[in-house]
Amino acid sequence: MQRHHPKDINLYSETLSNYFNTFLVANISLGTPPQNFTMFLDTASSNLWVIDSKCKSKGCQGNPGGISKHVFDSTKSTTFINNGQYFSINYGYGAVVGNLGTDTLNLGGISIQNQTFALAETLADPFGEQPIDGFLGLGWPNLAVDGVIPPLQNALPQLDSPLFTVWLDQRHQTNIDPAAGQITFGALDTGHCDVSTIYYIKLSSLTYWMFPLSKFQLGSYTNSKATLAISDTARIGFGAPQVDFDGIIKFLNATFDSTNNIYTVPCGQINSIPEMRFTFEGITLHVPSSNFIVDQGLGNGLCVVTVFVLNGGGFGPVWIFGDSFLRSYCNIYDIGNKQIGFAKALH
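Numbering (the UniProt record's numbering), first residue to last: 1 to 347.
Read the hints as simulated data drawn from the structure, not as lab findings. Relax, there's no trap hidden among the hints.
Derived pair list, reagent style DSBU-like, types lysine-lysine, alpha-carbon separation capped at 30 Å:
(1) K58 with K76
(2) K225 with K344
(3) K215 with K338
(4) K202 with K225
(5) K56 with K76
The following label-pair restraints were derived from C-beta to C-beta distances:
(6) K215 with T78: 53 to 59 Å
(7) S29 with S272: 46 to 52 Å
(8) K250 with K56: 47 to 53 Å
(9) I149 with T75: 23 to 29 Å
(10) N175 with G301: 17 to 23 Å
(11) K225 with P141: 29 to 35 Å
Note that beta-carbon positions come from the ideal geometry of N, C-alpha and C, so glycine has one too.
Can you build the whole structure from these sequences, using the hints too?
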């Protein structure tokens with residue numbers, strides 16, 4: 001890949017906030033004049049949707065942590081076009097239902113004309129507990145509901161390079177971190193990533209950002225069975241298949257907390273726990289224990305193992321690389337070359 005010096009590019013970037021160490025969000029605007037929204041950044045979906053001003057369901061009315069939701073009022077935008085097409089998407093914990101429309105989207109300084117997005121008129125109740133106004137899907141077009149062209153695909157003609165980079169800080173705050181990371185559009189993030197060495201892996205599928213994983217190791221536990229993984233900015237920690245999850249918990253001698261439905265280890269043991277090792281096509285990357293064992297403020301000297309069971313059932317990925325991996329390596333989502341790159345994150 002060609003390296004661009006920062007002074008030679010049109011740099012589009014957006015600071016990312018992290019709410020409750022769970023929701024990685026970016027700010028966008030829609031309409032003329034612009035209406036502002038806080039969006040869940042999701043590389044594992046491909047649609048853009050915001051709450052419609054007509055939505056009266058409980059999921060639209062939430063006020064989590066004192067954070068008010070913003071809604072889109074199409075009558076106040078002179079550039080909005082309602083195409084009337086029905087829209088529905090399900091995220092596993094609940095559905096989003098509404099209609100499609102088009103308007104001007106501003107994303108990280110990029111103005112995208114005639115972007116199709118969904119206006120959510122009904123949201124499942126769990127969305128009311130989330131400090132977001134919608135989803136910004138950054139997956140591939142094949143994953144998009146109703147064949148909608150994702151925002152980044154529409155933005156490609158304006159970018160110097162057909163890619164985007166995500167960097168996360170190593171801070172783990174239980175409230176709100178207003179500067180938790182950065183997303184850079186059209187360029188490598190040379191300020192936060194060691195771009196002198198980038199490990200590129202060809203994608204296995206043009207739906208999710210999915211790639212082959214050949215080996216996983218944590219201390220004495222090793223699994224050399226080839227499998228798949230995806231990079232997912234909307235997930236905390238790692239999602240692992242049952243066999244690897246069991247191996248991790250056994251090696252860590254973690255204790256199950258039935259009240260909070262989590263596994264814990266004493267915080268004082270973090271520095272003595274070895275790193276996770278992931279091997280891709282002969283390249284091994286390392287994730288330190290401080291990025292997958294986190295103090296989430298339980299207040300009893302215990303830290304949370306941020307690994308969850310992912311039962312793929314033979315379909316789709318069997319590992320999910322969430323924020324634990326992103327804190328260790330910048331993820332470079334290379335649309336043009338259909339590959340993903342990993343560069344050591346600078347902190």
